[in-house]
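Full structure from sequences and hints, please.
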Amino acid sequence: VAVLCSARHGYAVEISPFFPNRLACATSQYYGIAGCGTLLVLEQREPDILLLNSLDWNDGLFDVTWSESNEHVAVTGGGDGSLQIWDTANPRGPLRVLKGHTQEVYAVDWSQTRGENLLVSGSWDHTARVWDPESCQSVATLQGHEGVLYSTVWSPHIPACFASTSGDGMLRVWDVKAGSCQLAIPAHKAEILSCDWCKYDQSIVVTGAIDCSLCVWDVRSAGQPVAQLLGHSYAVRRVKFSPFYKTVLASCSYDFTVRFWDYSRSPALLDTVEHHSEFVCGLDFNLHIPNQVKCPTELLKSTFFFSVRC
Numbered sequence: 001v002a003v004l005c006s007a008r009h010g011y012a013v014e015i016s017p018f019f020p021n022r023l024a025c026a027t028s029q030y031y032g033i034a035g036c037g038t039l040l041v042l043e044q045r046e047p048d049i050l051l052l053n054s055l056d057w058n059d060g061l062f063d064v065t066w067s068e069s070n071e072h073v074a075v076t077g078g079g080d081g082s083l084q085i086w087d088t089a090n091p092r093g094p095l096r097v098l099k100g101h102t103q104e105v106y107a108v109d110w111s112q113t114r115g116e117n118l119l120v121s122g123s124w125d126h127t128a129r130v131w132d133p134e135s136c137q138s139v140a141t142l143q144g145h146e147g148v149l150y151s152t153v154w155s156p157h158i159p160a161c162f163a164s165t166s167g168d169g170m171l172r173v174w175d176v177k178a179g180s181c182q183l184a185i186p187a188h189k190a191e192i193l194s195c196d197w198c199k200y201d202q203s204i205v206v207t208g209a210i211d212c213s214l215c216v217w218d219v220r221s222a223g224q225p226v227a228q229l230l231g232h233s234y235a236v237r238r239v240k241f242s243p244f245y246k247t248v249l250a251s252c253s254y255d256f257t258v259r260f261w262d263y264s265r266s267p268a269l270l271d272t273v274e275h276h277s278e279f280v281c282g283l284d285f286n287l288h289i290p291n292q293v294k295c296p297t298e299l300l301k302s303t304f305f306f307s308v309r310c
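Heads up: the sequence shown begins at 1 in the UniProt record's numbering, then just goes up one per residue.
Bear in mind the hints are in silico, worked out from the structure with no lab data behind them.
Because the structure is a prediction, the values reported are computed rather than measured.
No residue lacks a Cβ here, since even glycine has one placed at the ideal position from N, Cα and C.
Derived pair list, reagent style DSS-like, types lysine-lysine, alpha-carbon separation capped at 27 Å:
| # | residue 1 | residue 2 |
| --- | --- | --- |
| 1 | K177 | K199 |
| 2 | K199 | K246 |
| 3 | K177 | K99 |
Using C-beta positions, here's what the derived DEER-type ranges look like:
| # | residue 1 | residue 2 | range |
| --- | --- | --- | --- |
| 4 | L183 | T102 | 20 to 28 Å |
| 5 | E274 | D87 | 31 to 39 Å |
| 6 | E116 | A34 | 33 to 41 Å |
This is the structure:
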């Protein structure tokens, strides 16, 4: 992987919901400033990481999500404002290209609630869009943020509901059926780069920002955060709740570290992993294997696989 991918910088990683050792990594040339992007499909076969497929796009790729209904389909968000739907078993090009955003797509997510099959994307054009991947049509454009969108994440509990975070310092919760924002929280006095929903409580959301902090919010009473998690020394790039423990989450940062937290404890910090030698831009929990997390650094040659006991 190091030889094949040395010219790419990893921005996001997501483990397959179908295959426990397979993951997709969205990458860009030249730190996403210029050049093309590549979706890498990787597989862990101890002790190696194998490159199964390499899918090129003509602009940088900044996020990736797996389909919840087809084990071979993944979707990426590109610097040209489009989303690409890929058959990861077929390297000949995307199955579909979804166009609508006017600037970089920095976030994509596939809905997880039963009976629903939707994509959501967040863009630097200040909008979120909801897509039907079957018809490849945009079904809603949601406006309200006053800055670029960095994160859009579906609720794992509530149909047609997603959260978004932005450079305007706001966390917003949206109802797609109503076509409107249901809640706006001034979550940080800084750009918020990431958010995620608790997998066990439909009211709990975590945010991570360039002020180096994570804040845990109860959206039923959002006057003050449930917890503020401090420890990173540079911007928090990505946050993810554990799929196995209600109050455990992970964060990665431009300080080269990955940190694990239990916000119900004091102190909340469980562990700090310092293996990386560059910015850590993405991470994901393995849904199949308790306590396993995977994350790419911006230099993909430094991709690590590790587990932590929580």
